[in-house]
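Visitor: So you can see what is in the structure, the chains are spelled out below.
Number of protein chains: 2
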Amino acid sequence: MIVLGIDTAIRCTGYGAVDFRSLNDIRILDCGVISNSAKLPHSECLRRLAGGVRQLISQFKPEALSLEDAFCSRNIKTAMILSLARGAVITIAAEASVPVYVYSPKTAKRAATGNGSASKEQVAALISSMLGINIKDIPLDATDALALAMCHGQVLIRPELKELLPKPV
Amino acid sequence: MIVLGIDTAIRCTGYGAVDFRSLNDIRILDCGVISNSAKLPHSECLRRLAGGVRQLISQFKPEALSLEDAFCSRNIKTAMILSLARGAVITIAAEASVPVYVYSPKTAKRAATGNGSASKEQVAALISSMLGINIKDIPLDATDALALAMCHGQVLIRPELKELLPKPV
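Residue numbers (the numbering used here), protein chains in the order written: chain A, 10 to 178; chain B, 10 to 178.
The set of hints was computed from the structure by calculation and includes no laboratory data. Take the hints with a grain of salt, since some may be wrong.
Stated by the list, open to error - The list that follows gives simulated cross-link-like pairs (lysine-lysine, DSSO-like), each with its CA atoms no further than 27 Å apart:
1) Lys70/B / Lys171/B
2) Lys115/A / Lys86/B
3) Lys171/B / Lys48/A
4) Lys176/A / Lys86/B
5) Lys86/A / Lys176/B
6) Lys171/A / Lys70/A
7) Lys176/A / Lys70/A
8) Lys48/B / Lys171/A
9) Lys115/B / Lys86/A
10) Lys129/B / Lys145/B
11) Lys115/A / Lys129/A
12) Lys176/B / Lys48/A
13) Lys86/B / Lys86/A
14) Lys48/A / Lys86/A
15) Lys145/B / Lys171/B
16) Lys48/B / Lys176/A
17) Lys176/B / Lys115/B
Predicted, not measured: the structure shown is a model, and the values here were computed from it.
The shape of chain A in the complex, shown without the other chains (with noise of 0.2 Å):
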């Protein structure tokens, strides 16, 4: 079962793909980020990130794409304009059948890495060591996103973690 975990942003949004393959079989396919020069418009900044999107769909047919919830303290501008690029990222997942999921930060972190108040460092740390891989080959700005996608996973592969699922958005 393979997901993508996506840490949307305008500008800098981390993807991760992540197979999992059994409780001792996890294993990371792809992680980067998709980055918008702060000169374009976001247009097409929206552009380039459903065509991203869209890529990866296409290239890890994942199960399921997990998303961060947006709720957070941001100020209303900020969250709008997030939510504008949220809004290109679940309409993509839609068009080609994929379900998508929210987790809090909180949530992602601890199902991911068994700690909710984890710092992104910490996080990148436990994921490559859970994964097996160098934690320099992570982008920082992945971090979020390969939690989130080890969040889903985790809670789908995890009876303990069962309660954590939420409903597709």
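Chain A is already provided as a structure; the job is to place chain B on it using the hints.
Guide: Then chain B, alone, in the frame of chain A:
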């Protein structure tokens, strides 16, 4: 010059396509709504909205999309859900290389009808009069979309409104 106005919402999106042939020859091509049942999840609403907008762009080949600015007095949750829908619409327009212009409700009404504080009913009456159609032929939810299309078209063809032209998003 054809302009497609879209009054975006997750549940009921109005649209209006208007052909600006000259100052004295402005024709309505179509108007209506893309409705989503309250039972549908957001992802399905976005998929249907994206598909509908893609079809309208393909049918009318507009030179521009005209949307309403969303930074109003809505609460943050509503604003973020609305932004998901706007993200879907802007993405589809960008993928079709159609520029998107965003107007405040007040500017849209002012440019479309000469009165920035006109009611929905007044806007419908003025627009149907300008387009030489029966007011009953305009679905109420399409009124704002037609006003947005009329706004952008008038801003482009009326020299005195030139200063209202925003940068595309």
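Visitor: Now, for every hint given, state plainly whether the structure supports it.
Guide: Hint by hint, here is what the structure shows:
1. Lys70/B / Lys171/B: holds (23 Å)
2. Lys115/A / Lys86/B: holds (19 Å)
3. Lys171/B / Lys48/A: holds (25 Å)
4. Lys176/A / Lys86/B: Holds - the C-alpha atoms of Lys86/B and Lys176/A are around 18 Å apart, at most 27 Å.
5. Lys86/A / Lys176/B: Since the Cα atoms of Lys86/A and Lys176/B sit roughly 18 Å apart, the hinted pair holds (cutoff 27 Å).
6. Lys171/A / Lys70/A: Holds, at roughly 23 Å.
7. Lys176/A / Lys70/A: Holds, at roughly 20 Å.
8. Lys48/B / Lys171/A: holds (25 Å)
9. Lys115/B / Lys86/A: holds (19 Å)
10. Lys129/B / Lys145/B: Holds, at about 13 Å.
11. Lys115/A / Lys129/A: holds (12 Å)
12. Lys176/B / Lys48/A: Holds, at roughly 13 Å.
13. Lys86/B / Lys86/A: Satisfied, since the Cα-Cα distance of roughly 12 Å is no more than 27 Å.
14. Lys48/A / Lys86/A: holds (18 Å)
15. Lys145/B / Lys171/B: Outside the cut-off at roughly 31 Å; violated.
16. Lys48/B / Lys176/A: The given pair, whose Cα atoms are some 14 Å apart, holds under the 27 Å limit.
17. Lys176/B / Lys115/B: holds (17 Å)
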